[in-house]
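Enquirer: So the protein sequences, as listed, match chains A and B. Heads up, the first sequence is in this note's numbering, so the first residue is 379 and it goes up one at a time. Heads up, the second sequence is in this note's numbering, so the first residue is 25 and it goes up one at a time.
Note that these hints are calculated values from the structure, not bench results. Cβ coordinates follow ideal geometry from the N, Cα and C atoms, glycine included. Careful: at least some of the hints might be erroneous.
[Stated by the list, open to error] Computed footprint of chain A on chain B; a stretch qualifies when at least three of its residues, placed anywhere within it, have a C-beta under 8 angstroms from a C-beta of chain A: (1) 74-84; (2) 97-110; (3) 156-170; (4) 194-202; (5) 240-249.
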Amino acid sequence: MRRKSYRLDATGLAALIGRLHEQGYAVYGPRVDDDALHWRRIRSVEDLPRGWTQELAPARARLVPDSSGGLFHHWTCAEGLKAMLHLPLVRVMAARRENGAFRILHNPPPAAKCAFFGARPCDLAALAILDRVLLGDRYVDDIYRARRENAFLVAVHCTESAPTCFCASLGTGPRARSGFDIALAEFAEAGEPEYFAEAGSPAGIDLLEACGAQPAPPEMARQVEQACTRAAGAQKRSVNAHAAPALIDALFESPHWDRVARRCLACGNCTMVCPTCFCVNYEDRNSLDGQEAERWRLWDSCFSQSFTYIHGGSVRTSLKSRYRQWLSHKLARWQAQFGTPGCTGCGRCIVWCPVGIDITQEFQELQAAAAAAAPPRE
Amino acid sequence: MSSDGRKPRIAVFKFASCDGCQLSLLDAEDELLAVAGAVDIAYFPEASRRMEKGPYDIVLVEGSITTHHDAEAIQRIRRQAKTLVTIGACATAGGIQALRNWHDTAEWVRLVYAKPDFISTLKTSTPVAEHVPVDFELRGCPINKHQLLELIAATLAGRKPNIPAYSLCIECKRRGNTCVMVAAGTPCLGPVTQAGCGAICPSMRRGCYGCFGPMESANAPSLASQFRVLGASREEVDRAFRSYNGWSWPFRRVFEEAPKP
Chain A
379 MRRKSYRLDA
389 TGLAALIGRL
399 HEQGYAVYGP
409 RVDDDALHWR
419 RIRSVEDLPR
429 GWTQELAPAR
439 ARLVPDSSGG
449 LFHHWTCAEG
459 LKAMLHLPLV
469 RVMAARRENG
479 AFRILHNPPP
489 AAKCAFFGAR
499 PCDLAALAIL
509 DRVLLGDRYV
519 DDIYRARREN
529 AFLVAVHCTE
539 SAPTCFCASL
549 GTGPRARSGF
559 DIALAEFAEA
569 GEPEYFAEAG
579 SPAGIDLLEA
589 CGAQPAPPEM
599 ARQVEQACTR
609 AAGAQKRSVN
619 AHAAPALIDA
629 LFESPHWDRV
639 ARRCLACGNC
649 TMVCPTCFCV
659 NYEDRNSLDG
669 QEAERWRLWD
679 SCFSQSFTYI
689 HGGSVRTSLK
699 SRYRQWLSHK
709 LARWQAQFGT
719 PGCTGCGRCI
729 VWCPVGIDIT
739 QEFQELQAAA
749 AAAAPPRE
Chain B
25 MSSDGRKPRI
35 AVFKFASCDG
45 CQLSLLDAED
55 ELLAVAGAVD
65 IAYFPEASRR
75 MEKGPYDIVL
85 VEGSITTHHD
95 AEAIQRIRRQ
105 AKTLVTIGAC
115 ATAGGIQALR
125 NWHDTAEWVR
135 LVYAKPDFIS
145 TLKTSTPVAE
155 HVPVDFELRG
165 CPINKHQLLE
175 LIAATLAGRK
185 PNIPAYSLCI
195 ECKRRGNTCV
205 MVAAGTPCLG
215 PVTQAGCGAI
225 CPSMRRGCYG
235 CFGPMESANA
245 PSLASQFRVL
255 GASREEVDRA
265 FRSYNGWSWP
275 FRRVFEEAPK
285 P
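Full structure from sequences and hints, please.
Expert: This is the structure we're talking about:
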């Protein structure tokens, strides 16, 4: 079925945000805060980063002035939507002693209705992966589910790629195919920006039509398709996820892991910014008088030693074993576990690694090592 | 509460230090009454004239060992302590005063003091753990009051304290901070420093200066190389690692293992 697509002017776009507020959504969008783009509350179009674009490279992210006049002339926020839906720090329970028993004082509050305005195709792909992990298994994560079910997603197709993007090789972008209520493409070349808007849900259709969106001319859809294809072609980084499982199995003891371990800090930044890394730890706390207790859930990282702490010590004590675990799980083992790679090609782990370790380059070097080790063909 | 129903006895001792870590305990104003209700503060000269003899259930030790007298006293204190916890960078790593360890202490004494004959000191400032076994370390310059309260609450409840040994970055990212190193090119010791302070400095757009000391399996040489990429001089890199926790080996190796120019 062909999706309904619309043409929207700047006034219509502003109306979208207004209507979402009227419908009771807390609206979040990419916003300039402390030298970077972050998911923050937006009141109107004025809060979006018009006049700013990003320079992204390994271990380097800069906001730089932009003259395009577009609202979306940038790529990803520093954090994925994981930070908004699979919260970094949440109190899951509190209890108090009473008459020899205990009473539960607190359960997680009902999730607010949140709209995310300006999610990228890789952000949507990450949610599809998190959905499989946190909702699609026997054990459903209720905190995530409550927030996820209430989320309204306004995506933006990427008509340009950042140097650190490699979504095309993983089939997760640069054009959003599913998982949105509305997907926009921005045309900012000539004066006031104009938008191509696709509805991905009945709620998306209602909202667009309520904002005065007109049916889009067919050439507009073609232009978006062409721009996204160009963006895909411009990507220099890639990962061949199909080759990953066999490659990782073959190179488990490769000296290459020692080389990357000399640089890896095991600081866990890659796992924190990864939009699909979902691991959490639980901590119990108690008051000094022992009358009250709380249980907290926190993002955890496979780069910490406590992550694999079992009786007698940690399983993965070396940096090498921890980096290998992360890359192997993300690109290879995840496929056996959940049916797709755990990577969306967003490039955050490359940008936000303090020493600029590049997962695509590590993967290429492993492939090169495998090719060199393979017996010559007859 | 110990098995015989009495409140655990706590003592606080001090060696070469600025008293800031002890002040963190007094700084816990909202919780101080609860602490006093839960434990028996038997020896804490900074807070009370009451000075009871040991043995103690929990001994908090602030400061580094810098004199012969310190070196003897810590042996006596250890014998009186069921659990010995070092509090702060001085007790845990030797402190900023461990800078003397790379220099001629006798010469410094001659330069600084009008009558050097009165000064009796060791050549080095060393952590408590170089002298006696330590059961737990609370990091920081100064320590974090929430970690101290967590340690006491966990000990009273008979559980392991939630005091992570991983990097500051994990705490910083959970807070939603922008990485100052990646987004502003500011050298930050966060990726090799133990979490626990709440990422105070990066939250204020400053680089972490490592007052919590090295995290578990810190890879400081790799971070030091990146500081050079960001434009820091050799001297600046050395100075960054040679501060409050400079004597701890994971930081010390940055300048002791580096090839000499």
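Enquirer: For every hint, state whether the structure bears it out.
Expert: Consistency of the hints with the structure:
1. 74-84: Coverage by chain A is violated for the region 74-84 of chain B (0 residues, Cβ < 8 angstroms).
2. 97-110: violated (count 0)
3. 156-170: violated (count 0)
4. 194-202: Answer holds; 7 residues pass the 8 angstroms Cβ test.
5. 240-249: Result for this restraint: holds, n = 7.
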